[in-house]
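2 protein chains.
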Amino acid sequence: MTTITPASAVALPPTTDAELEQLLSAAHTAAAPLAAFRPAERAGLLDAVADALDAAAGKLIPEAERETRLPGARLRGELKRTTFQLRLFGEVLRDGGYLDARIDHADAEWPMGAPRPDLRRLRVPLGPVVVFAASNFPFAFSVAGGDTASALAAGSPVLLKAHSGHPGLSRLSAEVVTSALRKAGAPDGTFALIAGTAAGAEALSDPRVKAGAFTGSIPGGRALFEIANSRPEPIPFFGELGSNNPAFVTEAAARERGAEIAQGFVSSFTMGAGQFCTKPGTLFVPVGYGMVEALREAALPPAAPLLNERIQSGYTDTLTNLQSNPRITTLAQGTGPLADPPGPTLLLTTAADMLAEPHALQTECFGPAAVVVTYDDEVHLPDLAETFEGQLTATIHGTDSCQVAALVKVLARKAGRVVWNQWPTGVSVTHAQQHGGPYPATTAVGSTSVGTAAIERFLRPVAYQGFPQHLLPEVLREDNPLRVPRLVDGRKGN
Amino acid sequence: MTTITPASAVALPPTTDAELEQLLSAAHTAAAPLAAFRPAERAGLLDAVADALDAAAGKLIPEAERETRLPGARLRGELKRTTFQLRLFGEVLRDGGYLDARIDHADAEWPMGAPRPDLRRLRVPLGPVVVFAASNFPFAFSVAGGDTASALAAGSPVLLKAHSGHPGLSRLSAEVVTSALRKAGAPDGTFALIAGTAAGAEALSDPRVKAGAFTGSIPGGRALFEIANSRPEPIPFFGELGSNNPAFVTEAAARERGAEIAQGFVSSFTMGAGQFCTKPGTLFVPVGYGMVEALREAALPPAAPLLNERIQSGYTDTLTNLQSNPRITTLAQGTGPLADPPGPTLLLTTAADMLAEPHALQTECFGPAAVVVTYDDEVHLPDLAETFEGQLTATIHGTDSCQVAALVKVLARKAGRVVWNQWPTGVSVTHAQQHGGPYPATTAVGSTSVGTAAIERFLRPVAYQGFPQHLLPEVLREDNPLRVPRLVDGRKGN
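Chains as they are written, first to last, in our numbering: chain A, 1 to 494; chain B, 1 to 494.
FYI, nobody ran anything at the bench for these hints, they're computed from the structure.
Heads up, none of these hints are tricks.
Just so you know, same-sequence chains aren't split out, so a pair can sit in one copy or run between any two.
With a cut-off of at most 20 angstroms between alpha-carbon atoms, the simulated SDA-like pairs for lysine to any residue come out as follows:
| id | residue 1 | residue 2 |
| --- | --- | --- |
| 1 | 409 | 25 |
| 2 | 409 | 383 |
| 3 | 80 | 54 |
| 4 | 59 | 74 |
Make the full structure from the sequences, and use the hints.
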């Protein structure tokens with residue numbers, strides 16, 4: 001689990017046991033005062049972090065370019081997404097609906113057979129969270145990314161385990177976050193950076209930590225999931241692990257706009273050099289509609305560098321392994337498909353082969369490669385969809401007919417997000433977004449790591465029974481001083 | 001993990017591998033058609049089950065009395081609670097708010113830096129659930145209890161692992177449920193009874209099963225939790241395991257109404273012969289206010305039989321062990337405290353002893369025993385509260401002053417439900433109820449197993465991106481034909 005950092009990057013010194021103890025203690029101490037902030041006050045903390053990151057762009061972007069080999073335009077867009085996300089969670093806090101506040105007044109006639117006491121319920125923060133940063137989005141899924149934003153929004157202090165792929169950027173980002181939080185009045189210990197695999201595992205094992213969040217590989221995520229579950233007090237672990245993101249082209253769609261779909265697919269699977277967790281890794285196309293030919297002739301983008309040497313070598317290993325499978329041929333390749341940087345590769349197989357050996361042919365290949373699967377009759381698409389494990393996304397390119405209803409049903413069972421006539425890459429941060437899915441897409445099928453619902457991961461419900469007004473949290477007082485949406489006696493209201 | 005069934009009961013034959021395979025296959029097949037029911041249609045199924053159980057009371061109650069040794073009045077009340085609960089989930093379905101439906105319309109100007117696609121999200125059922133029944137509530141936490149009701153409401157088929165403590169009642173109840181579901185038009189395989197520890201574990205391991213729910217002991221629940229997590233595809237496991245449910249009496253409350261509190265405590269810890277998961281197992285009282293004396297003199301109820309021989313022997317073992325602790329003395333005892341049936345027992349210790357050896361002194365003793373802890377100064381109550389692990393409930397008896405705010409804060413962090421001047425036994429089924437808490441109260445800190453929010457355990461979100469209206473689930477169509485509450489572009493609306 002050691003990542004070789006880019007030549008240009010200087011690894012962070014691993015957090016020592018003594019440092020970790022101090023940081024865990026500070027996070028534990030910060031939990032109560034951070035939880036005591038009114039939601040709208042905590043929104044101010046998130047805004048302050050967003051503003052500080054925007055103001056530091058001139059320092060952060062060059063460091064990110066140097067360490068991740070990603071282009072500046074992409075990185076600037078990603079930073080914008082990151083600060084937007086922080087501010088959007090601020091709006092969620094100001095609205096207050098995320099608290100799921102519920103009030104049931106005492107009711108002597110409650111038809112259960114016994115009087116109903118006065119019961120009032122809201123969601124409260126879990127406590128300190130360890131967030132494991134990802135390498136492929138050095139802003140949006142790293143130090144100040146979605147997991148950090150949603151945990152801080154929930155009111156949980158964050159220990160951020162830096163990804164070794166961008167150590168300098170991690171350190172700079174953490175300085176910006178920590179300084180902004182301090183200036184905005186957050187308790188000391190609200191946020192801290194830690195480094196090293198051992199420190200990350202140690203933090204996740206510590207009784208003061210109450211949840212973990214992770215974006216990365218299946219083996220790494222599964223190992224951390226097991227640590228979280230085998231503690232004396234098991235804690236929730238929200239891991240986003242792996243996804244193939246299959247896409248299906250119907251016969252009618254291939255006939256109507258096969259060439260356009262082919263080009264769209266190429267753009268999507270090579271976006272960010274194929275290093276998106278939503279990269280479509282498999283494309284099902286009908287034989288006889290010219291799509292295989294269109295894909296063979298499609299203009300592949302030039303080679304682009306992968307994030308770091310570990311990803312480069314993992315990519316070439318996985319690709320070599322796929323190409324050695326007798327069920328697979330190579331459909332198209334850019335220049336130097338196994339070089340650094342690698343040109344894109346499109347592989348080819350058949351539906352029969354996919355049915356025969358789905359697990360091997362659906363291996364996630366992190367980088368600019370994908371597998372095209374030809375099928376004879378679209379009536380088999382639902383069965384082909386059934387061969388997939390849990391997915392972050394599944395995509396259909398079809399026409400506006402009802403033919404694909406059965407396929408949609410299977411895919412909605414397999415994936416967290418089903419996409420119609422668009423591509424899964426580019427995960428918008430919205431209220432209705434769902435970035436999750438059955439294992440191995442995530443370790444927590446009920447959760448999302450993108451979108452406003454991501455805050456729910458770091459909350460737990462508490463009910464107050466029979467309490468006098470002044471001892472209740474403000475959110476649950478009769479006069480609703482914070483004006484949050486509430487469910488009162490089973491009905492929406494304030 | 002073998003339970004000795006009562007002498008009067010005939011054990012169910014363990015489900016064979018062949019039978020289990022047939023039942024798993026049927027549950028798997030039922031999942032899609034059950035999920036396809038409109039919520040209000042599924043409410044009809046729950047109503048039908050409730051009506052059938054009410055109609056079968058004349059058969060069910062005598063069998064329950066025979067097998068559980070619980071009094072008829074208590075059992076009739078519990079059956080009423082059970083059918084009320086089924087109908088309340090019907091109301092939840094008819095309301096539709098549980099779907100958490102969200103619509104974000106496409107927005108080219110979405111300030112994230114990239115256009116927002118049309119995204120629509122709702123919650124869908126997880127798929128087949130294995131429910132492990134409890135012994136102490138042969139209706140409300142057994143065959144047709146809260147886990148079954150909430151899973152069926154969610155749209156997930158249920159495999160119900162019968163508790164060996166009431167085999168005849170389990171069989172009868174399952175016949176009523178199965179027959180009512182069939183008559184109401186539920187798919188075959190929506191509900192089935194299985195028997196035997198091995199079959200339960202086997203079912204939980206099966207890839208067709210998508211969640212588990214359990215109410216019972218810490219060792220049993222933890223073992224099942226590990227099975228659920230170590231599957232190739234880990235699944236959510238909602239276990240309610242153990243809780244001490246401490247109660248704290250402030251000095252002012254002791255002065256004002258110590259005798260009344262003492263009598264209330266005795267009623268609560270002996271309710272149902274102390275076999276409630278919310279039984280207050282520890283009571284903190286101030287020295288010098290006559291409460292120890294009041295408790296010593298309190299009228300203890302007569303001995304009442306425990307549910308079965310295993311619980312009887314577990315109770316006497318735990319009680320004997322507690323009494324052998326040099327930090328503990330016996331404050332009051334009924335007749336035959338170690339006999340079958342056992343008279344109630346009140347033990348006594350001090351705050352200093354509790355601080356010295358909290359784990360041993362907080363052992364859950366399932367049956368009519370509790371520990372009274374004397375303290376010198378109520379300023380120490382928050383520290384005493386800190387010694388507890390996660391709890392289902394925590395109770396304060398205080399006066400209407402602000403002195404106890406610090407104690408409330410600690411208890412809200414430790415417990416799922418905090419109770420003021422009432423007792424935790426008797427868990428009302430309502431919208432705002434929370435029956436859960438940090439481990440070991442539950443294995444899933446974000447969940448509740450009682451109250452309408454229990455349905456959320458068996459759902460997962462799915463987002464649809466860019467879909468034409470006719471391919472969307474009805475709940476997400478623009479015209480909202482089912483009139484469910486929705487969050488549209490971040491605002492409440494339809």
